[in-house]
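Residue numbers (numbering that gives the first Met the number 0), protein chains in the order written: chain A, 0 to 368; chain B, 0 to 300.
Think of the hints as simulated: they come from the structure by calculation, not from any bench.
One side only, chain A facing chain B, incomplete, derived with CB under 10 Å: (1) Asp-76; (2) Met-79; (3) Gln-82; (4) Ala-143.
C-beta atoms are modelled at their ideal positions from N, C-alpha and C, and glycine is treated no differently.
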Amino acid sequence: MAEVIFDHVFKVFGEDIYAVNDLSLDIQDGEFLVLVGPSGCGKSTALRCLAGLEDITRGRIYIGERDVTYLDPKDRDIAMVFQSYALYPHMSVRDNLGFSLNLRGRSKDEIKQSVERAAGILGLEDLLDRKPRELSGGQRQRVALGRAIVREPQAFLMDEPLSNLDAKLRVQTRAEITSLQRRLGVTTIYVTHDQIEAMTMGDRIAVMNAGVLQQLDTPQNLYDKPQNQFVATFIGSPAMNIFPANIVQSNGHVNVKSGEDFSLHVPERAKEMLLKHKDQQINVGIRPEDIEIVDYAENASDGNIVRLPVKIVEPLGAEIMLHLDGPGEDPIVARVDPRVRLRPGDVAQVAVNIDHLHAFDPQTEETLL
Amino acid sequence: MTATARPRAAEATAEQSQARSTFINILRRIPFYLLVLVIAVYLMFPFYWAFRSSITPDADLFATPVQYFPENPTLDNYRSVLEDDNFIRALLNSTIVAASVTILALMVGAFASYAIGRFSFRGRTPVLYIVLAMTMFPQIAVLGSLYTLITDLGLFNSLWSLIITYLMFTLPFTVWVLTTFFQQMPRELEEAAYVDGATPFQVFYKVLLPIAAPGLVTTGLLAFIAAWNEFLFALSFTQTPDKFTVTLAIFRFEPQTAGGFEIAWGQIMAATIIITLPLIILTLIFQRRILAGLTAGAVKG
Numbered sequence: 000m001a002e003v004i005f006d007h008v009f010k011v012f013g014e015d016i017y018a019v020n021d022l023s024l025d026i027q028d029g030e031f032l033v034l035v036g037p038s039g040c041g042k043s044t045a046l047r048c049l050a051g052l053e054d055i056t057r058g059r060i061y062i063g064e065r066d067v068t069y070l071d072p073k074d075r076d077i078a079m080v081f082q083s084y085a086l087y088p089h090m091s092v093r094d095n096l097g098f099s100l101n102l103r104g105r106s107k108d109e110i111k112q113s114v115e116r117a118a119g120i121l122g123l124e125d126l127l128d129r130k131p132r133e134l135s136g137g138q139r140q141r142v143a144l145g146r147a148i149v150r151e152p153q154a155f156l157m158d159e160p161l162s163n164l165d166a167k168l169r170v171q172t173r174a175e176i177t178s179l180q181r182r183l184g185v186t187t188i189y190v191t192h193d194q195i196e197a198m199t200m201g202d203r204i205a206v207m208n209a210g211v212l213q214q215l216d217t218p219q220n221l222y223d224k225p226q227n228q229f230v231a232t233f234i235g236s237p238a239m240n241i242f243p244a245n246i247v248q249s250n251g252h253v254n255v256k257s258g259e260d261f262s263l264h265v266p267e268r269a270k271e272m273l274l275k276h277k278d279q280q281i282n283v284g285i286r287p288e289d290i291e292i293v294d295y296a297e298n299a300s301d302g303n304i305v306r307l308p309v310k311i312v313e314p315l316g317a318e319i320m321l322h323l324d325g326p327g328e329d330p331i332v333a334r335v336d337p338r339v340r341l342r343p344g345d346v347a348q349v350a351v352n353i354d355h356l357h358a359f360d361p362q363t364e365e366t367l368l
Numbered sequence: 000m001t002a003t004a005r006p007r008a009a010e011a012t013a014e015q016s017q018a019r020s021t022f023i024n025i026l027r028r029i030p031f032y033l034l035v036l037v038i039a040v041y042l043m044f045p046f047y048w049a050f051r052s053s054i055t056p057d058a059d060l061f062a063t064p065v066q067y068f069p070e071n072p073t074l075d076n077y078r079s080v081l082e083d084d085n086f087i088r089a090l091l092n093s094t095i096v097a098a099s100v101t102i103l104a105l106m107v108g109a110f111a112s113y114a115i116g117r118f119s120f121r122g123r124t125p126v127l128y129i130v131l132a133m134t135m136f137p138q139i140a141v142l143g144s145l146y147t148l149i150t151d152l153g154l155f156n157s158l159w160s161l162i163i164t165y166l167m168f169t170l171p172f173t174v175w176v177l178t179t180f181f182q183q184m185p186r187e188l189e190e191a192a193y194v195d196g197a198t199p200f201q202v203f204y205k206v207l208l209p210i211a212a213p214g215l216v217t218t219g220l221l222a223f224i225a226a227w228n229e230f231l232f233a234l235s236f237t238q239t240p241d242k243f244t245v246t247l248a249i250f251r252f253e254p255q256t257a258g259g260f261e262i263a264w265g266q267i268m269a270a271t272i273i274i275t276l277p278l279i280i281l282t283l284i285f286q287r288r289i290l291a292g293l294t295a296g297a298v299k300g
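Only chain A is shown next, with the shape it has when bound in the complex:
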C-alpha cells in the first residue's frame, strides 16, 4: 500500500502525438482514484505507463517512496485487472490466482493459503479447479480481481474491468469492488469511460481529455464546480445544457440574455465576476435538473422564468425529459416532474434554478465563476 505520484508525465507517440500531456497526479495511500474521459483521452495510456507496460517520454512516476519510472512491470509491485480479464486459458482458476506468487518463488503452502484466502473473499472456492472457459463472464471477472488481490500489491490498476459485464451485473460488481477496496485499503487507480462508474466509485476523479488532465476533484465538487466546459458536459447525464448568451445590465439586475425572449437573472454570487464581461458573449451552462416546469418549481420568480417550445417528451417514470427549443443550436434538456402533461408543440413555462448557473469563456472554455 502506497502513495502513487505522476510527476509531469508525458507519453508521446511518434513525433507529436501527445497521448499523455504533462500529467501530474498525487494519489494518496489507500485512495480510490478514477481516471475518466472519452475514448482516446489518454487515461488507459496513463495507467499502462504506471504499470510499466509503456515507457514514458518524460517525467517521473513514484510508487511509495520508490521511483519506478524505469522499472519493469514485474518490479513495480502492482496488480492489474484488464478489460478482457486476460485469464490464462490453459490454467485452472487456482493456478491463475497463484501464478504471480509462483513466479515469485513462494512456497506451495504459502501459495495455497493466499489463493484460498483470496478465493474466500471473492466467493470463488467452488470454482478453483475449473478452467476459465468453464466460467461465466461475472465469474471470470472475479478471478481477474482475485489475481490482483492475492498478492497484496502496493496498488491495484484497473482498466475498464466492468465493461464486458451486462448492465445488472455491472451495477452489482461496481458496489463490490468499492467495498472490497475500502476493506483492503489498497491504493486503486481505476480507468473508465463511464462517468456514472466514476461518480459512484471514486474518492476522487481525474477527468482527462486529449491527454490533458482537466480537473482532479471529489465527485460532488466535479459536479458542482466544473473547471471548464468539457468537465461540465462530461460529468452528469443527461449532459449540461450549454448555449451562448450576452451579459446585460438593466434595472439594477445583471442578466444573461439570449435572443428576445430568453433572459435570466444572474445570482448574487456571480454578479461581480460576470459584470467584467458586460455586453460580451459568454457560454451559459444549466443542468437539466435545474430546469423545472413553473407549476412544480420551488423558487419561480420573475427573474428566472422562460417560455420555450417543447420538441420531444421522454417519460422515464420517475421523471420526464423534455427537449426544449432553446436559444442555442442544441435543444435544451430539462429533467422535470413526472406529473407534467406537455406534448410536443406546446410551450413550456420553465423556472431555472439560477443559483446553479454556470458560465464559461467561449474561447478558453474555462469557468468564469
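With chain A held as given, fit chain B onto it using these hints.
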C-alpha cells in the same frame, strides 16, 4: 364448418408436407454422399490394395480372377520383412531423422515465431517473407548445391545430412503457422503475465507456449510426416543400407525369398503398410488436439 375440423385438416396436411420435405431432403443429400463415397474410394483404394497384396501369398498375387480378399490370407510377408535387418535399421533411421527434424523445427520455429509474432523490430516483415521464399524452390533445384554443401561439410552418407536438409522445408512452414498462432494471442494476456511478475522468457514458456500447443502439435505432426515420407534427399545424400530411411529401403528392397531374383511385391506391400502405421497412429493420437487448435478461442468466450 366447425372450429375443430379445420385445425385437424391443417394438421394432416402439415404432416404430409413435413414427410414430403424430409423425403426431398434425403433425395437432395444422395449426390453429396455419392461424392463422399467416390472420394473415399479414390483415397483409400491404393492403401486397401497394398494391404490386400501384403497378406496374399506370392503365388496368388497374379491369380485371375482378381481376389478382392485373398482366400488364404497369410502374415508371411510381414514376418520376412521384420526379419530383414536392413529394413529394421531403416525404420530406426527414419524415426531418428523425423523425430530430430520435428523437435528442432518446433524449438527453433517456436522461438522465431514468438519473436516475429510478438515483438516489433526493424525488418520483421522482410524476415517473414524471406522465410516464406525458402519454400519456393523445388527440391530438385537446390539439390546440386546442397550436395556440394553436404559433402564439403563431411556429412555425406550420414543422418545429419538428412536432418539438416529436411529442416529446410519443415522450418519455414513451422515458422509461418506458429507466427499466426502467436499473433492471434491477445496482447493483454502477455501484459497480465508481465504485471504478474514474469520475465519475457517466462511469458514465452509459461503462458504463450502452452496456449500455442495445438499449433505446435499440428505443425510438429506435419513436419514429422514430411520428413518420414521424404525420398529425393535421402536418395541423394545416403549411400549405404545402414543409413537408408524407410522410403529408400523400400525402393532398394532386396527380397528375402526366391534367392533375391524376383520382385517380392507381397513383402514390399507389407513394408509399405508397416511404415504407414506410425503416421496413422500419431494422427489418431493427436487428432483431438489438432481439432482443438482449429476451433478454440483464446480468452473471451
